[in-house]
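Residue numbers (the working numbering): 1 to 493.
Treat the hints with caution; some may be incorrect.
[Said to hold, decoys possible] Subject to a maximum C-alpha distance of 20 Å in a straight line, what follows is the list of computed PhoX-like cross-link-like pairs (lysine-lysine):
id: 1; residue 1: 239; residue 2: 169
id: 2; residue 1: 269; residue 2: 326
id: 3; residue 1: 212; residue 2: 137
id: 4; residue 1: 184; residue 2: 78
[Unchecked claim] What follows is a list of derived Cβ distance ranges for each label pair:
id: 5; residue 1: 119; residue 2: 211; range: 47 to 57 Å
id: 6; residue 1: 239; residue 2: 279; range: 41 to 51 Å
id: 7; residue 1: 289; residue 2: 61; range: 18 to 28 Å
id: 8; residue 1: 123; residue 2: 239; range: 47 to 57 Å
id: 9; residue 1: 97; residue 2: 493; range: 22 to 32 Å
Hints listed in this document are in silico derivations from the structure and should not be mistaken for laboratory results. Even glycine gets a Cβ: it sits at the ideal position worked out from N, Cα and C.
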Amino acid sequence: MAEEAPHLLEKREKKERRTGLPELKNAEKGKVVLRFAPNPNGPMSFGHARGIVINGEYAREWEGELILRFDDTDTVVKPPLVHAYDDIPKEAEWLLGYAPHRIVIASDQIPHYYEHAERMLRSGFGYVCQCSGEAFKVFRVDKTECPCRPNSPELNIELWGKMLDGTFKPGDAVVRVKTDMTLKNPALRDWPALRMQDTANHPHPRPGIGSKYRVWPLLDFQSAVEDHLQGVTHIIRGKDLMDSTRKQTLLYEHFGWTYPETMYWGRVKVHEWGGFSTSQMRRDIEAGLFTGWDDPRLPTLSALQKRGITAEALRAFWVELGVTQKDISVPLSSLFSHNTKQIDDEAPRLAFIRNGEQVTLSGEHPTSIEVDVHPNHPEQGKRAFDLTPPHVWLESQDLGKGSLRLKGFADLHITDRTGEIQSIDRQDNRPIVHWLSEAQSVDGTLIMAEDGELIELHGKMEQHNYPEGTMVQLERIGYGRVLSPTVILFSHS
RNA sequence: GCUCGUGUGGUGUAGCUAGGUCCAUCAUAGUGGGUUUUCAUCCCGCCGACCCGGGUUCGAAUCCCGGCACGAGCACCA
Numbered sequence: 001m002a003e004e005a006p007h008l009l010e011k012r013e014k015k016e017r018r019t020g021l022p023e024l025k026n027a028e029k030g031k032v033v034l035r036f037a038p039n040p041n042g043p044m045s046f047g048h049a050r051g052i053v054i055n056g057e058y059a060r061e062w063e064g065e066l067i068l069r070f071d072d073t074d075t076v077v078k079p080p081l082v083h084a085y086d087d088i089p090k091e092a093e094w095l096l097g098y099a100p101h102r103i104v105i106a107s108d109q110i111p112h113y114y115e116h117a118e119r120m121l122r123s124g125f126g127y128v129c130q131c132s133g134e135a136f137k138v139f140r141v142d143k144t145e146c147p148c149r150p151n152s153p154e155l156n157i158e159l160w161g162k163m164l165d166g167t168f169k170p171g172d173a174v175v176r177v178k179t180d181m182t183l184k185n186p187a188l189r190d191w192p193a194l195r196m197q198d199t200a201n202h203p204h205p206r207p208g209i210g211s212k213y214r215v216w217p218l219l220d221f222q223s224a225v226e227d228h229l230q231g232v233t234h235i236i237r238g239k240d241l242m243d244s245t246r247k248q249t250l251l252y253e254h255f256g257w258t259y260p261e262t263m264y265w266g267r268v269k270v271h272e273w274g275g276f277s278t279s280q281m282r283r284d285i286e287a288g289l290f291t292g293w294d295d296p297r298l299p300t301l302s303a304l305q306k307r308g309i310t311a312e313a314l315r316a317f318w319v320e321l322g323v324t325q326k327d328i329s330v331p332l333s334s335l336f337s338h339n340t341k342q343i344d345d346e347a348p349r350l351a352f353i354r355n356g357e358q359v360t361l362s363g364e365h366p367t368s369i370e371v372d373v374h375p376n377h378p379e380q381g382k383r384a385f386d387l388t389p390p391h392v393w394l395e396s397q398d399l400g401k402g403s404l405r406l407k408g409f410a411d412l413h414i415t416d417r418t419g420e421i422q423s424i425d426r427q428d429n430r431p432i433v434h435w436l437s438e439a440q441s442v443d444g445t446l447i448m449a450e451d452g453e454l455i456e457l458h459g460k461m462e463q464h465n466y467p468e469g470t471m472v473q474l475e476r477i478g479y480g481r482v483l484s485p486t487v488i489l490f491s492h493s
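Whole structure, please, built from the sequences with the hints as guidance.
Structure below.
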């Protein structure tokens, strides 16, 4: 028993609550290789961030490497975008806090895939199939072998040549991996590895690639071969790719390779956004429905960045969700609360008066007032309000309250547009409101993205010299990011 | 239809591999209060969950069987 089940004899250690990411199986410090493989066919979305963060954090934790791989092997259905090849690495570095260790572009690796395809054909575990997709579907359902399956390696090589030289046209032939047509899972039966694409009419957008190749690998073949070439040890991906793992494992067995450890995550939806598709976003942006990839209404990484969501908040958010296979739907407030923790301690306070009404002060009062830039950090300095012209701006909503206290200044009673100073010290529990001196006010705009709409609130804003990109807290409104001296993009409350 | 996977509070998540120490963790949301001259931050409290039914066992969130629900794959897309 001691040999067969030693754990039964041991006293089990007290369980400790796990924090952070689940443990990586079979991982060795310094020898872990992970990859994140997006298709550069559109903006990096919120969802892509999960792939970057989870893989990237594991790489960090295990002192391993992270490969950023562009799976750009479809020029017709999902044509790549040239500038994505530049944008994605930058966004990945921003999000991770380090640059991916390696960048691999599938369209640069075609010769390697050809070489493996040929090896497959010569070794007899792959064949060129001239059945139509429709026809093959019948074989797959009926668990019967297609007539091309018994082709000799010699014939396969000959047919492969016809694919390469263009004798065959797209749709005429594909290369299949020979698995077993009686496999329980229909998805695994003799799956397609490479097909032809009309790159004359649909050239690959990268210079040097263009119409160079007629035959292109499909995801399962390309990914499997590339993972092996790069020495990937762990694959973490969506559970929609579970059957891909099984297909690729079959291919690895043919080649005599060992498949990496694999983990999956489920689908994530954001309450406020619902489902979103890269292709749809790309169409909408191209149609001018949005200002660009970073339009604050979009669930793209660049939009979130522009909106002032920090990389740290995004990382904390995704790590907290972990790597479970459940399909989940999360509220944005969860991300925002992480962001608040990141920015509040630094964010200077600023007044923004929506629907401003000017009020003239009457009675004795100082000619200038100073308040803290940050209530918890006096060392950040003071904000000065000059009251020589005795005019202040208040939000019209607050005006109706009659008696109120101007934050850090005085108790006021308002009738019409006149504010009678009743006391400089606080005398009672009247509501405290934010305000702005006429002398320090400028016309400002607060841009808010709500329910898919872009709303511009025009109001009176406190003068400031904060550079673009500064995260500020608008008193009683919420956090925002400085876009220009007079424009602030609302982040969240 | 076939195949695969997942079901813990409103939302996420820990615990499940090796059953007890779990009247079930943490976070977020909600709610009540404290600090604060912001409806911010911070602090304290409360609220609220093991999909259902059997079985094994002294003991089941955890193991077994059967349901049910939800999701995904079955593309010459990724």
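Comparing the hints with the structure gives:
Pair hint residue 239 plus residue 169 does not hold up; C-alpha atoms about 34 Å apart against a cutoff of 20 Å. Simply put, residue 269 and residue 326 have alpha-carbon atoms about 11 Å apart, close enough for the 20 Å limit, and the pair holds. Restraint check for residue 212 and residue 137: not satisfied, since their Cα atoms lie roughly 30 Å apart, outside the 20 Å limit. With a CA separation close to 31 Å, the supplied pair residue 184 and residue 78 exceeds the 20 Å bound.
Checked against the hint of 47 to 57 Å, the C-beta distance between residue 119 and residue 211 comes to roughly 26 Å, which is inconsistent with it. At roughly 21 Å, the beta-carbon separation of residue 239 and residue 279 lies outside the given 41 to 51 Å, and the hint is violated. Taking the beta carbon of each, residue 289 and residue 61 are about 40 Å apart, not inside 18 to 28 Å as hinted. Taking the beta carbon of each, residue 123 and residue 239 are about 31 Å apart, not inside 47 to 57 Å as hinted.
Between residue 97 and residue 493 the beta carbon distance is about 27 Å. The supplied range of 22 to 32 Å therefore holds.
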